[in-house]
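**Student:** What follows is each chain in one-letter form.
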Amino acid sequence: MIKKEYIRSVLDIFASSPFKPLGMHASKGGEAVRKLNEAVIAYCDGNAQRVEELSQEIDVIEHEADVLKQTIRSELSSSIMLPVHASDLLDFLKPQDSISDVAQEVSYWFTLREFNASDEVRQSLLDLMDKVLETVEVYEELVSTISELLEASFSKRDVEETLSLVIKVEEMEHQVDVAEKELMRKVFQQEDNIGGTGVYHLARLVDGIGDIADKAEHAADRLRTMVIRR
Amino acid sequence: MDILDPTVILLIFAGLYMAWNIGANDLANSMGTSVGSGALSIKQVIIIAGVFEFAGAIFFGKRVTSTIAKGIVPIDSINLIDPHLVAIGMLAAILAAGFWITLATFYNLPVSTTHSIVGAVLGFGLIAAFQGIIGYGDINWFILAKIVVSWLVSPLLGAAIAFIIFSLIRYFILQKAYDPYNIEKKFVFLQILTACYIAFAHGSNDVANAVGPIYAGLSSLNLVGESIPIWVMLVGGIGMVIGLGTWGYRVIETIGTKITELTPTRGFSAEFATASVVVFHSYSSLPISTTHTLVGSVIGVGLAGGLAAVDLSVIGKIVVSWVITVPVAALTSALIFLGLIGVGL
Numbered sequence: 097m098i099k100k101e102y103i104r105s106v107l108d109i110f111a112s113s114p115f116k117p118l119g120m121h122a123s124k125g126g127e128a129v130r131k132l133n134e135a136v137i138a139y140c141d142g143n144a145q146r147v148e149e150l151s152q153e154i155d156v157i158e159h160e161a162d163v164l165k166q167t168i169r170s171e172l173s174s175s176i177m178l179p180v181h182a183s184d185l186l187d188f189l190k191p192q193d194s195i196s197d198v199a200q201e202v203s204y205w206f207t208l209r210e211f212n213a214s215d216e217v218r219q220s221l222l223d224l225m226d227k228v229l230e231t232v233e234v235y236e237e238l239v240s241t242i243s244e245l246l247e248a249s250f251s252k253r254d255v256e257e258t259l260s261l262v263i264k265v266e267e268m269e270h271q272v273d274v275a276e277k278e279l280m281r282k283v284f285q286q287e288d289n290i291g292g293t294g295v296y297h298l299a300r301l302v303d304g305i306g307d308i309a310d311k312a313e314h315a316a317d318r319l320r321t322m323v324i325r326r
Numbered sequence: 014m015d016i017l018d019p020t021v022i023l024l025i026f027a028g029l030y031m032a033w034n035i036g037a038n039d040l041a042n043s044m045g046t047s048v049g050s051g052a053l054s055i056k057q058v059i060i061i062a063g064v065f066e067f068a069g070a071i072f073f074g075k076r077v078t079s080t081i082a083k084g085i086v087p088i089d090s091i092n093l094i095d096p097h098l099v100a101i102g103m104l105a106a107i108l109a110a111g112f113w114i115t116l117a118t119f120y121n122l123p124v125s126t127t128h129s130i131v132g133a134v135l136g137f138g139l140i141a142a143f144q145g146i147i148g149y150g151d152i153n154w155f156i157l158a159k160i161v162v163s164w165l166v167s168p169l170l171g172a173a174i175a176f177i178i179f180s181l182i183r184y185f186i187l188q189k190a191y192d193p194y195n196i197e198k199k200f201v202f203l204q205i206l207t208a209c210y211i212a213f214a215h216g217s218n219d220v221a222n223a224v225g226p227i228y229a230g231l232s233s234l235n236l237v238g239e240s241i242p243i244w245v246m247l248v249g250g251i252g253m254v255i256g257l258g259t260w261g262y263r264v265i266e267t268i269g270t271k272i273t274e275l276t277p278t279r280g281f282s283a284e285f286a287t288a289s290v291v292v293f294h295s296y297s298s299l300p301i302s303t304t305h306t307l308v309g310s311v312i313g314v315g316l317a318g319g320l321a322a323v324d325l326s327v328i329g330k331i332v333v334s335w336v337i338t339v340p341v342a343a344l345t346s347a348l349i350f351l352g353l354i355g356v357g358l
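As they're listed, the protein sequences go chains A and B. Note that the first sequence covers residues 97 to 326 in our numbering. Note that the second sequence covers residues 14 to 358 in our numbering.
Don't read these hints as lab results, they were simulated from the structure. From a predicted model like this one, the values you see are computed outputs, not experimental measurements. Glycine included, every Cβ here is placed at the ideal spot set by N, Cα and C. Each hint should be verified, as a subset may be incorrect.
[What the hints assert, rightly or not] Within a straight-line C-alpha distance of at most 25 Å, the following computed DMTMM-like cross-link-like pairs (lysine to aspartate or glutamate) qualify: (1) Lys252(A) / Asp192(B); (2) Lys271(B) / Asp108(A); (3) Lys165(A) / Asp324(B); (4) Lys190(A) / Asp192(B); (5) Lys277(A) / Glu216(A); (6) Lys271(B) / Glu171(A); (7) Lys116(A) / Asp324(B); (8) Lys189(B) / Glu256(A); (9) Lys165(A) / Asp187(A); (10) Lys198(B) / Asp187(A); (11) Lys190(A) / Glu233(A); (12) Lys271(B) / Glu247(A); (13) Lys83(B) / Asp151(B); (14) Lys159(B) / Asp95(B); (15) Lys199(B) / Glu247(A); (16) Lys330(B) / Glu233(A); (17) Lys330(B) / Glu256(A); (18) Lys190(A) / Glu266(A); (19) Lys264(A) / Asp151(B); (20) Lys198(B) / Glu244(A); (21) Lys198(B) / Glu101(A); (22) Lys271(B) / Asp187(A); (23) Lys189(B) / Glu216(A); (24) Lys330(B) / Glu101(A); (25) Lys165(A) / Asp108(A); (26) Lys199(B) / Glu266(A); (27) Lys189(B) / Glu244(A); (28) Lys189(B) / Glu233(A).
[Stated by the list, open to error] Some chain A residues flagged as far from chain B (calculated, every beta-carbon gap over 10 Å): (29) Arg146; (30) Ser173; (31) Thr321.
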């Protein structure tokens, strides 16, 4: 039970800041992708049990991210005044939430079938995952700059720093796209070797991993809108 | 009639209770922001608040006290009929306001002590008019209108000044600095000064809510002269400091731990704006709510982009509390007055 305070106070004017849980939510996405990276390594090593474990861990992280997302949304009633537009904040939260969603889905697909393609495909898959992880980590850094933006009340220099990170995420996502296309071609060349099902499975994985970077890029883009349109 | 008259003693005790309430709650509210921003410890805040609240009440509290005592209800005309009526009316007013404030505190409503006492004193005036002791036209409606307008203007003024101050800090200091966290450290000192300032301002305006009716009663009974004696102001000052020391520290603690958003630059802007608006009103003899002005100032900082999240639904609650407080306090005061007359006090 909450202890009743006998006061008439100004406290109600201070709403809880959505930016703190927003940062935590971004970290959940990063955490999920780091686990996924481990899962890809385990998958390529043929360690199915480890892949299964990691997939379950990602499920938990994704759920935690959902809870944070719901908290942020439920606390943003129409009477709350933020230094940015609340609708922009919610628009940005959505793709950020997709990062852990997609990581969860991909990790599930890893548990469905073992790896039996060529070493070249294996290496490219690991490289692609590396690039995606790197993109998401830059994205996390980007989100962490929000607290500095708030502290200096959106100073020009801090805004520029944030925007430069947005551009960095976009560039990295582009590199992921290039790598993804190249790998997809290699996957389809494996048809004789691993069969149609094998190709389909790998194509789903490649597509899913690439999609994570897409979501990060989309969220970064929304974040830019939020910062600029404030 | 002497100072040991039961009406006088009751009046002084009721005034002390009112002062206690003001110190326990309203003063604590204004000071909580300093603790919230980490500028001062609770102990330091209590010492500063005690000293400056007291100083504000003693040296700058007389104008508003006169308004509450003589500005709204023409106590001099009532005096001509029966001086005792004024003392009883003022006792009724202070009891009504104290009762309403206690109820509001219990239910956590953002009710202002100022609004309560103004409503209660008005209630006394209206019942006197109703009974034909004075005419309705004798109540000073012009001053009352000025007071009500000042209740609307003071939070807006607080918001505007806080907006300007924080925008200047933001533009000239925060955005030019390489390390905004370091700036916050430098503002800690300034915030200590504004904590003194706000306590002084609060004392100068809110002491009247407790001692205005005491002074009116004493003056009609010819126990004090034309100017307000220092000991009457002391009663108010001491009452408020005791309220802060016995209960207010808990309110400060609660507020301080929950307000972490208000960093020193933000706290400075809000407090400086609030204190300036309140001192200005004390100078203009107008009783206003420090707490509501502070809410306005915090919104001003929020509008300037200084706060992560501000809940504007408080504005609605405050408006409702105004609209309810004045009639409720007036009615209660009138009823208590009739009751006191009835028991033959």
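**Student:** A separate judgement is required for each hint: does it hold in the structure or not?
**Tutor:** Going through the hints against the structure:
1. Annotation: proposed proximity of Lys252(A) to Asp192(B) holds, straight-line Cα distance about 13 Å (limit 25 Å).
2. Pair hint Lys271(B) plus Asp108(A) holds up; C-alpha atoms about 10 Å apart against a cutoff of 25 Å.
3. For the proposed pair Lys165(A) and Asp324(B), the alpha carbon gap of about 20 Å is at most 25 Å, so the pair holds.
4. Restraint check: the Cα-Cα separation between Lys190(A) and Asp192(B) comes to about 32 Å, which exceeds 25 Å; the hinted pair is violated.
5. For the hint linking Lys277(A) to Glu216(A), the alpha-carbon distance of about 15 Å falls within 25 Å, and the restraint holds.
6. The hinted pair formed by Lys271(B) and Glu171(A) meets the criterion: a straight-line CA distance of about 16 Å does not exceed 25 Å.
7. Proximity of Lys116(A) to Asp324(B) is assessed by CA-CA distance (about 17 Å); at most 25 Å being required, the pair is judged to hold.
8. Only pairs whose Cα atoms come within 25 Å are accepted, and Lys189(B) paired with Glu256(A) is accepted, the gap being roughly 14 Å.
9. The straight-line distance between the Cα atoms of Lys165(A) and Asp187(A) is roughly 12 Å, inside the 25 Å bound, and the hint therefore holds.
10. Proposed proximity of Lys198(B) and Asp187(A) is contradicted: the alpha carbons are some 35 Å apart, above 25 Å.
11. Taking the CA atoms of Lys190(A) and Glu233(A), the gap is about 18 Å. The hint holds against a cut of 25 Å.
12. For a cut-off of 25 Å, the pair hint linking Lys271(B) to Glu247(A) stands: about 18 Å separates their Cα positions.
13. A distance of roughly 12 Å separates the Cα atoms of Lys83(B) and Asp151(B); the hinted pair therefore holds under the 25 Å criterion.
14. A distance of roughly 29 Å separates the Cα atoms of Lys159(B) and Asp95(B); the hinted pair therefore is violated under the 25 Å criterion.
15. This hinted pair checks out: Lys199(B) and Glu247(A) have alpha carbons roughly 14 Å apart, not beyond 25 Å.
16. At most 25 Å may separate the alpha-carbon atoms for a hinted pair to count; Lys330(B) and Glu233(A) exceed this at roughly 44 Å.
17. For the hint pairing Lys330(B) with Glu256(A), the CA-to-CA distance comes to about 40 Å; that exceeds 25 Å, so the pair is violated.
18. For the hint linking Lys190(A) to Glu266(A), the alpha-carbon distance of about 18 Å falls within 25 Å, and the restraint holds.
19. Using a Cα cut-off of 25 Å, the hinted pair Lys264(A) and Asp151(B) is violated, with the two alpha carbons roughly 74 Å apart.
20. A threshold of 25 Å between alpha carbons decides the hint, and for Lys198(B) with Glu244(A) the separation of about 16 Å falls inside it, so the pair holds.
21. Restraint check: the Cα-Cα separation between Lys198(B) and Glu101(A) comes to about 31 Å, which exceeds 25 Å; the hinted pair is violated.
22. Between Lys271(B) and Asp187(A), the direct Cα distance comes to roughly 29 Å. Violation of the 25 Å bound is thereby established for this hinted pair.
23. Between Lys189(B) and Glu216(A) the CA atoms are separated by roughly 52 Å; this puts the pair beyond 25 Å, and the hint is violated.
24. Simply put, Lys330(B) and Glu101(A) have alpha-carbon atoms about 18 Å apart, close enough for the 25 Å limit, and the pair holds.
25. At most 25 Å may separate the alpha-carbon atoms for a hinted pair to count; Lys165(A) and Asp108(A) meet this at roughly 23 Å.
26. Between the alpha carbons of Lys199(B) and Glu266(A) the distance comes to roughly 38 Å, so the proposed pair goes past 25 Å and is violated.
27. At most 25 Å may separate the alpha-carbon atoms for a hinted pair to count; Lys189(B) and Glu244(A) meet this at roughly 14 Å.
28. The suggested pairing of Lys189(B) with Glu233(A) is violated, with an alpha-carbon distance near 29 Å, which exceeds 25 Å.
29. The claim that Arg146(A) is not at the interface with chain B holds, since no C-beta of that chain comes within 10 Å of its own (minimum 41 Å).
30. The non-interface label for Ser173(A) is inconsistent with chain B: the shortest C-beta to C-beta separation is roughly 7 Å, within 10 Å.
31. Its beta-carbon lying about 17 Å from the closest one in chain B, Thr321(A) satisfies the requirement of being farther than 10 Å from that chain.
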